[in-house]
Amino acid sequence: MEQTVSRRDFLKLGGAAAGALAVGSFVPPRVAQAALEAGHLNAQGDGYIPSVCEMCVWRCGLLAKVKDGRVVKLDGNPDHPHSKGKLCPRGQAGIMTTYDPDRVLTPLIRVGSRGEGKFRKASWEEALDIVAQKMLEIREKYGSEAMVFSSTHNLSQVQFENFLQAFGSPNYGTQRSLCFNAMIVSNLMTYGMEEPARNYDNLQYIIYTGRNLAEAISNSETGEMIAAIDRGAKMVCLDPRFTKTAAKATDWLPIRPGTDLAFHLALINVIIEERLYNQAFVEAYTTGFDELAASTKPYTPDWAAERTDVPAETIARIGREFAAAAPFALAHNGWRTSNFVNSFQAERAITILNALVGNWGTSMVHAGGEEGGGLGKPPQPPYPRISAQRLDGVPWMYPFVPLKIGVFQQLRDSIIDENPYKAHGWFISRQNPVLSLPDRKKTLAAMASMDFIATVDVILNDTAWFSDVVLPEASYLERYDPLAVVGDKAYIRQPVIEPQGEAKSALWIYKELGSRLGMSEFFQYADEEDYIKQQLAPLGASFDSLRSQGYVELPGEAGDQFQWQTPSGKIELKSSTLESAGFAAIPTWSEPPAPAEGQFYLLTGKGARQTQFGTQNNQLLHKYDDEPRLWMNAKTAKAQGLRDGDMVQVASEVGSIYVRLLATEAIRPDCVYMMPGFGHLSMGLTTAYGLGSSDSDLHVTYTDPISGGQALTQTFVTVQKA
Amino acid sequence: MATIQQHAYLFDATRCIDCRACMIACSVENSVPMNDSYIWVTGSAVMGEYPDLRRATMPYHCMHCLEPDCVSACPVGAWSKREDGPVLYDEDKCIGCRYCMNACPFSVPHFDWDKGLFGGALMHKCTMCVQRLEVGQEPACVQTCPTEALKFGEREALIAEAHSRIAAHPERYIDHVYGELENGGTSYLILSHVPFGELGLPDVGVTPVKNVSEAAMRATIPLALGWGAVLTGVTVGMELNKQRKDKAGKEEPAEVEAAAGGKR
Amino acid sequence: MKIDIAVPSRLYHFRPNPLPVILVALMAIGLAVAMVRFASGIGAISNLSNTYPWGFWISFDIYTGIAISSGAFLLAAAVYIFEIRSLRPLLMPTILTALLGYFMEVLALMVDLGRPERIFNMLFYQNFTSWMLVVGLCVMIYLAILAVEIAPIFLRGLKQDKWAHFARRFIKPAVILGVVVSTIHQGSLGALLLIQSAKLHPLWWTPLLPVMFFVSSISIGLAMVIFESSMTSRYFKSHHLEIKLLAKVAGAIPYAVGIYAVLRFAQLFLSGNSQYLFSSGLMSVLFWVEIVIGVVVPFILFISPRNRADPRTLLIGAIILLVGMVLNRFNVSWFGIHRLQEVGYVPSLAEISISLAIFSFGILAFGLGARYLPLFEDSDAIAERA
Ligand SMILES: Nc1nc2c(c(=O)[nH]1)N[C@H]1C(S)=C(S)[C@@H](COP(=O)(O)OP(=O)(O)OC[C@H]3O[C@@H](n4cnc5c(=O)[nH]c(N)nc54)[C@H](O)[C@@H]3O)O[C@H]1N2
Ligand SMILES: Nc1nc2c(c(=O)[nH]1)N[C@H]1C(S)=C(S)[C@@H](COP(=O)(O)OP(=O)(O)OC[C@H]3O[C@@H](n4cnc5c(=O)[nH]c(N)nc54)[C@H](O)[C@@H]3O)O[C@H]1N2
Ligand code: SF4
Ligand code: SF4
Ligand code: SF4
Ligand code: SF4
Ligand code: SF4
Ligand SMILES: [Mo]
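Protein chains in written order, with our numbering: chain G, 1 to 722; chain C, 723 to 986; chain L, 987 to 1372.
This is chain G alone, in the form it adopts within the complex (with noise of 0.2 Å):
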């Protein structure tokens, strides 16, 4: 068994892969001849290549420097609209994921127990082999839906899509309803759209409802917030904390969590009270507005003010200055809206007050779809028909909550009740539901349920540490995936670099699997260059100078843009869908759970160095940042007998950790908070394992029933001296 590779071994596996590409000094003859046809390397082989980020889901474009075969600085697409010729900090370090001396660079198949993190190396014809066995096995003896997919938001999704589809099971879990299922539901209620698009051309005044874009940084869209500060816009942010977003904010209002719904309930009344909204929009383009007027009737400025912690002169001034600088005015809707039960709820209120004051067509636009429109893609039969319910209650127990978005936290609890049936087999890419799912006692249990677990990823993340099989990706650097479609251009991810080791793209690998399990229909493409010609062959587009250009330009689409794919057409200030259903259909106030003497709402939210769950590694993002630690109000701690640095241990109803605690002014005295993403379980991460603890271990499952999205600070902690 001189195979089984122990962790050390592995390490070392790693390292020396990397270590002998930097020895190489010739550009490996496959991408090096692409790149050389498209224009981009000299006879040295060094030069600029574009391709697309993929350190966070914004996907900036990039062009990666590479000489002798390695790529050696990724600088921004200036010809892209998410980068502009930037990239923020994990763009930047996007190097060191793809050199990361613990990438697993070939398929891994497990020899100890599950968790023991015991695997040997296999061949890709073993590992795809054993893999398409048990899928079979699984299907056989229970039935397609006895396999569970999930997947996070990525380019190749949609072959994830094709081949789960093709297999034939309903049980498909995404990140969204971890992330913006509040959000993306309330604007299908009122706009009928997932996410309208904002403009920050020419903005007066943005409310930012607990979006921290300074570090929970879109690329271009934390550029355009700063460039309209720099104007002399005026930004009011919500959030318990002082982020760096509201370090910039000319109002900082640390509200109560939970109360956004609360505050902007009392804007909308200002608005109507003092009739400061867009008449002529409101009769033209919206529906419902008089119930809505009377039914805001009751939350003026002083009703919430009581609730929100935020006076009620400044929540009327805000509304009047909020009405004044429409349509120059914006109510940002947020994108990890996973707060409280309630937050649907909030959302709508937002969509709402954006309709209010009119600033459609300014501030907020129609977003052209990812789907790309004229872009080609292989044939595709027709999928099995599917028959059984899904595990995630959607649509039985979430009628609204749209299919391909679900409810991953419901589907891993249904794991677990085995409700209404058992699950058997878990395939999993580009995903860390060990750390990103509330509650991963719960999410561990689920995993030990399964007879058989695949994980595609590029590291030995959790997951895949938790897994049967690991199937290593080639980076993002190192690899062709789909077109991503952004506005009326489609941009190419293409290799870089030739993929270290054995890894293989996504495309490649869903393609292998697919003929494995006889769905070969179902992946026609010869191979990824093959898959983005038949992209490309409707729109007459040269691969080459797809290549060389770095996107393709696309058919554009003018619509209407003062039409709605809501039932009415309209803008709906009360929604006919929720009202059909029994839901409210005018937000209305619900006194969100609040913690009990002694406990602390527990807050969670994105570090400008870190993506998710996945980035830990990565030494680069690491440079000069002290591990995480807990953040307590000053005060509050010196009240606990607490101070900066001690080791505290937090508890909630679902587990506790230990963890280190920053005393500081920065924070609302009855809230902590902690960055996700640390304390991660698989010791196959040698930078990240051992470095911080993780709030999912906390947080409690709560999902909102109409949204379907989980409530991240709706769990309560304690905190005590360790």
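Hints listed in this document are in silico derivations from the structure and should not be mistaken for laboratory results.
Note that the structure is a prediction, hence the values are computed from the model and not measured.
No residue lacks a Cβ here, since even glycine has one placed at the ideal position from N, Cα and C.
Nothing false has been slipped in among the hints.
A partial selection of chain L residues facing chain C, derived with a Cβ cut-off under 8 Å:
no. : residue
1   : Ser1026
2   : Leu1034
3   : Pro1039
4   : Glu1069
5   : Leu1099
6   : Ser1183
One-sided excerpt, in silico: chain C residues whose CB lies under 8 Å from chain G:
no. : residue
7   : Ala747
8   : Glu751
9   : Leu775
10  : Thr869
Okay, derived cross-link-like pairs now, DMTMM-like style, lysine to aspartate or glutamate, Cα gap no bigger than 20 Å in a straight line:
no. : chain 1 : residue 1 : chain 2 : residue 2
11  : C       : Lys837    : L       : Glu1103
12  : G       : Lys638    : G       : Asp670
13  : C       : Lys873    : G       : Glu224
14  : G       : Lys67     : C       : Glu856
15  : G       : Lys533    : G       : Asp488
16  : L       : Lys1158   : L       : Asp1147
17  : G       : Lys635    : C       : Asp774
18  : L       : Lys1158   : C       : Glu961
19  : G       : Lys638    : C       : Asp774
20  : G       : Lys234    : C       : Asp774
21  : G       : Lys638    : C       : Glu771
22  : G       : Lys234    : C       : Glu893
23  : C       : Lys873    : G       : Asp230
Here the structure of chain G is known, so what remains is to put chains C and L with the ligands in place on it, guided by the hints.
Same frame as chain G, now just chains C and L with the ligands:
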């Protein structure tokens, strides 16, 4: 882009979000090892008391002084000022005395603390990414800054821009462009909404700190020669005196002894 | 004034004591630590950092070391230039101390310099705006001068009287040059700090730093002569304490510290920096401790002829002065320097062990020198014949 006479940066603290993309970009571009950095983001602490808080940060790196003190201080001339702005280092000359670290009023140069006799310990600091300037690119830190808190260009033009930014928003900025005059003028110009000390910048005067040092140096050679001449004179005088006295067979004069401590 | 020098030399015996053993042990420890430093870098053994690029070694081995070597140029000037022959008996031990002192500094530099193997770059690439260059060159030149000054004795120790006579010829020019170089050198250590005007606290920083350093080095030198003579007479039994001579030396101290004090305070008041005398917290305290111990107490002690005649008081007074002045060197080169970051620095044991090893080397070498060289002999005879 017309060729630039004096390259300079303009940093606007009101735009900086402390993301440190600049720092990581710099480390990658210049292969800076993990335990060092040419940029460090300073001033990042939250100031004030809840809920009246503020914060301000800046990417702190070499100021590329117009009259660099590091250049003046280095015994072996390892530092030099390039005409178009950058202050550069010749690693073949450096003896590792670390005097430049002390001399630099901004405490910029860093040393290889972890390199032994065969590791080749050297000094490190921001190079203004001359390798990028040469091919017409902006420095890595400037180019990547997502909020355009950093700008790069002709020093004169940037100074003018800085003043017009202040003029456009006098309520927003402290009415001063740090680096315009500091230490004789620097190539890193800074606009801020908080006192510059809160950004971690030192309080330096407008004369380069090297001036007094260099003036003292200029005085030294004449002083030394004069002092040598005096001493030689005294020696010769004493000698002659002694010979005279020897002839006269007298004893040593007491006064000279008394003068022993008084002489200098 | 003829002083009775007790004995022909050479008969000095170490009392059987553990000192040499301890010294050798300390040297061995230091050597081992130095090996680690050469293998893995200065950071591996010291607490020095980018915030504290200079620390204990610079303040102790260099700033203190060079200051206390100043006795040599003073005595050499007194004896050879001003022909105060009565001081001659003190001269050679002092020169040996200085020679060893400078050699010790070079050893310290070998550890402290990042690229010690490139020390001679100072001869090839010279930047004449750099006080560091001046310091380096002074060390090199003065070492050579001290070697010339001590050569006669050394050669006599080797029974090479002829060569000793030959060497003596160069002494006077060497002494003149030595005084000039020493003046510059003492001053240059102060001048090194001129460029740190933005960092060194105004209680210490002044454009006159080089002058301050030179002037203070005189009192330090005088005190060192007293200190060494007292110590050697203790350890080398047969060597009488030349108390009258030392009293004479001590008589100059009030003048030296007096002038120094006038300069310091005049500078502070004229520059307007006197405001910091009481308002700078720890800095003010350090300043006053330095002044009281280094200036006020020695002034009071040595102004009285009775005190000057008492060997115990002489020694104690000299030590007090030295402590005060050494504190001054620590203040200017370490404590008084403002750092951008609030990072603390405490020298590591390893750092101190290096200095201790070098110090042990100096003591041991002095002991050997005292044993084998005609240090305490009145070498007038040679001089006469020269
Ligand atoms: N650097 C970085 N950037 C990222 C990501 C990343 O991982 N790292 N991830 C990307 C993704 S997938 C997403 S979804 C977005 C998320 O971006 P954002 O939507 O900005 O989400 P978070 O940073 O998770 O949380 C934002 C803030 O919500 C606050 N908060 C918590 N509870 C409440 C509440 O009840 N009310 C209010 N008003 N505020 C509350 C928290 O204190 C936190 O500061 O960021 C994207 N950008
Ligand atoms: N406590 C807490 N929980 C949260 C959040 C929070 O703020 N706090 N945020 C929520 C939000 S907004 C979101 S969007 C979700 C995200 O939750 P997830 O989607 O589960 O987490 P990610 O970190 O995005 O998972 C990405 C995985 O992909 C891997 N990966 C990276 N690059 C590649 C690649 O090129 N190919 C493949 N195959 N794999 C790759 C990474 O190693 C990592 O394992 O988490 C949610 N959960
Ligand atoms: S925002 Fe940052 S991490 Fe996300 S795609 Fe853009 S550069 Fe990459
Ligand atoms: S900031 Fe310091 S290192 Fe940079 S040029 Fe000025 S003196 Fe030299
Ligand atoms: S450390 Fe090197 S560069 Fe700095 S002053 Fe000394 S010799 Fe010059
Ligand atoms: S100019 Fe270049 S070397 Fe200097 S800080 Fe910016 S990126 Fe680093
Ligand atoms: S990249 Fe720009 S915004 Fe980010 S820390 Fe640097 S200067 Fe500030
Ligand atoms: Mo998200």
